[in-house]
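Add chain B to chain A, keeping to what the hints say.
Each chain is listed here by its residues.
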Amino acid sequence: MAVPLKKSDNITLSIRNLSKIFKGRDEKVVALDEVSLDVREGELFTLLGPSGCGKTTTLRCIAGFEKPTSGKIHFLGRDYTAIPPFRRNIGMVFQSYALFPHLSIYENVAYGLKTRKLPHREIEEKVDSILRMVGLEATRHRKSSELSGGQQQRIALARALVYNPQLLLLDEPLSNLDAKLRVYMREEIRRIQKQARVTTIYVTHDQEEALSISDRIAVMHAGRASQVGTPDEIYEDPNSIRVAAFIGQANFLECRVIKQARESLVLTFPSAEKITLKGISNRLWDFPHPEGVLFVRPNHMEIFPRPGKANTLRGKVKFILYLGSVVRHFIEVFQGRAPQEVLVDTDRRIKGVYEGEEVALGFHADDIRLFPPDQKDQLQKE
Amino acid sequence: MAGSLKEQLRKIELTPYLVLGLTLIILLVFIVYPLSRVVFNSFLESGDVPAIKNLTLANFSQFSRSTLYRSALLNSLTVGLLCVLFSCLLGIPMAYFVAKTEVPFKTAFITLGTLPLILPPFVGAYSWILLFGRQGVVNYFLSELFGFVLPDIYGAPGVIIAMSMSYYPFVFLLTYGALLSADPCIEESAEIMGASRLRVIRTVTLPLVIPSIAASALIVFMRAVGNFGVPALLGGNFYVLPTLIYFQVTGFFNLNTAGAIALVNVAMVGIAIILSQYVMARRSYVTITGTTQAARISSNRILKWVGTAFCLGVIFFSLLPHMTVIFTSFTEGWAGTRYPTKFSLENYRRIFQFCGTPIKNSLFLATTATLVAAVVGTLLSYISVRKRFRGRWILDLTVMLPFILPGIVVGVAILIGFSSGLIILSGTWMIMVIGFFIRRMPYIFRSTAASLSQIDVAVEEASTIAGATWATTFLKITLPLMAPGILAGAIISFSTLMGELSTTIILYSARWKTITVAIIEFLFSATIGPAYALGTILILMVLSAIALANRLLGRKMSQMFKMV
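Residue numbers (the numbering used here), protein chains in the order written: chain A, 1 to 382; chain B, 383 to 946.
Be aware that one or more of the hints could be misleading.
Derived EDC-like pairs: lysine to aspartate or glutamate, alpha-carbon spacing no greater than 20 Å straight-line [claimed, not checked]:
1) A/Lys67 x B/Glu570
2) A/Lys143 x B/Asp838
3) A/Lys259 x A/Asp286
4) A/Lys114 x B/Glu842
5) B/Lys858 x A/Glu107
6) A/Lys143 x B/Glu842
These are computed hints drawn from the structure, not numbers from a lab. Remember, predicted model here, so these are calculated numbers, not experimental data.
So that you can see chain A by itself, here it is in the shape it has in the complex (with noise of 0.2 Å):
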């Protein structure tokens, strides 16, 4: 599943096959199972999913925490496997942060410094240029408990880029903070990457902070990439109804392809509705199947204000949420045994839309995905 590299690419970290089988008392759990990626130098590379999906086994795999059943790891060239975690050379921000609660922030961040046995003058000058790097220069005496959970996040941070890294590793680093200071550290830490040009791994639950931080994300599930890419091919183009789903808001309808030519689909509705599309890509044109599931994001449906116009679906307005920046619309469409709800969003309010009035329902072809009827199942499961 994994996008094709092109060859300029450069490919530092490679995980080929990577297994992972945790053996209790009576029973076997696979948390990988043939996992293959490739991160490239320099690039911040999310994992993501729900819990259970095996994210943090990697990660604690490419450490060097958990050893993998079977598969490889290499970083630049050499079999990561084979060497013991203190030696691997990586940076690691923990979820719980795991500072060390006996030790002042100083030294703290000079821990790695001083298992390195640098002299102690380039141990001080490396600590204070991080600390101020973070912007937590004045805390160096203190202890980790006296600090902010954003503080001492940046400590974590600090403390595992003060030795330069090769690979920069980190787990679920902000699902401690509250909401605002989420925002402003994923900020935070994407300034720092980039400044510190270190190659970086990050796990994440969250798929708008994936979104917003990543170069490029795997979405996981039940211990397999799902599918590999940057944030707007994951985000417009999914390769599943699972990543579609799992990513942002979706609509999902079930429908029959009843022609497929060059520039035009036709599809018919379970409420025998009828929608062409003009100008359809060639994926969609080569659309095997007869019947499939269409998708397409709240924010790429368009609404009006009366039913009965060409080429869309009908629908009941149930009621409409004002978000601010977004206002959206929960529509009632009558969609085979149950009636079925359908998310649009608009940047404002649309004259004539309100709630319990009839509307019509459209989307232009560039914005639809087809996915196979045997992809159905995935639907219930999210």
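Frame of chain A; chain B shown alone:
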């Protein structure tokens, strides 16, 4: 290939395997080996070569042949059960009053209610005779004023009273803890549904604390059937299993028979453990407390005064023996006369003249054993908490075994294990240190395991990923963070070793007499003054160790004991 093997070895860190492996070997040599020797030897007749064909039940048949053995078995059982009963009768109401009523001086009650656990029971035991014995002070007055005397407490009654007064704090502290941690909302919801106060206690409060009561009852039973000092001093012709073991060892040096009696003693404890597990497993209630609400306190006036009187009474009588020890140590020729006639430091002058060595010995042995136990116990708890492997429960059980076993049994095991065979240490200080160290290691193991499980594994991983080897991480991160647990365990271990008697009595030699041996020798020869002067010194040393721990750790004594 040779090069790649070397390469392989460089890649694996050897230090943890070496250090932790060595620790496990210590466990095998000093716990598993002697304990298996006891089991094996108890099926051998004295003087027989250890071989399969010589195995016999002769040592155990004593229990069906000899009335002495049978009555000792029955006596042990009686003492154990009655101590449990009386400890509960004292401890449970006291816990209720302190936790649930407006009794004053709660902190003082808790501290004073913990003291009997720290003070060695046998030191105070003789005071019961001085106070309530046939020639005791109380009887002087009773016969003079009212013309009657108390029934003789020498024998069974004295043993049971002395032990119950020493062991009730287990019940008090554990029940008190359970009462405090039980969610008050549960009681309130019972009340809102229309239950009366007594009904709430009977149907809600009590069932919630039953697992804690069962746990403390088990500890009391184990301590009571394993105690040597109290029945040795107060028992007279009332023999129990530990005194029987003592006579087999010192009287006949028949270690195999002693081993057989020890096994019976252990079996008794084993049955008690199984029974209590049964009680606890069927009624284990985990109360999930959302808010840390304080326990609900009854504002009933009568309960308050009854409770205060009860607590004061229990504390007074439980500490009376030790107060008598301290008071008497400053008198001359008392008891024996109606009033103490002369106060002086004569007793202290005498013991400093003759007992310098026992004091030094006790300090040396307790310190050495505590240090060894601290090192080995800390490493073992690290293995147990941090290294996940199958059969870890075997490790935990092995370490905790000497905690369950009566002290005198551990003494017999160490003596059998190291008085013949590969390692011969009998008569040396080392054999005593071994006995002490394996008996107190569980304290350190528990308290360090508790503090280790509080430490986030990620903190150690952060050190590893920053480039530190296992040894560096352990020394610079893990150990400093575990230090409070190690210190707490070590101080409890040290202070209880200073007053240790039942293992000592089996293992000591003339050259290595301890304070406790000196005290009991004085008491056996009714030389009360010097015995009590030594006892006072012992009490002071133990109390200052605990006070030091409180100062260093900022923790209350009762909290430290809740861990063990």
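Tested hints:
1. A/Lys67 x B/Glu570: 51 Å, violated
2. A/Lys143 x B/Asp838: 17 Å, holds
3. A/Lys259 x A/Asp286: OK: A/Lys259 and A/Asp286 at ~12 Å, within 20 Å.
4. A/Lys114 x B/Glu842: 16 Å, holds
5. B/Lys858 x A/Glu107: Between B/Lys858 and A/Glu107 the Cα gap is close to 11 Å, so the pair holds against 20 Å.
6. A/Lys143 x B/Glu842: OK: A/Lys143 and B/Glu842 at ~17 Å, within 20 Å.
Going down the numbered hints, you'll see the structure goes against just number 1.
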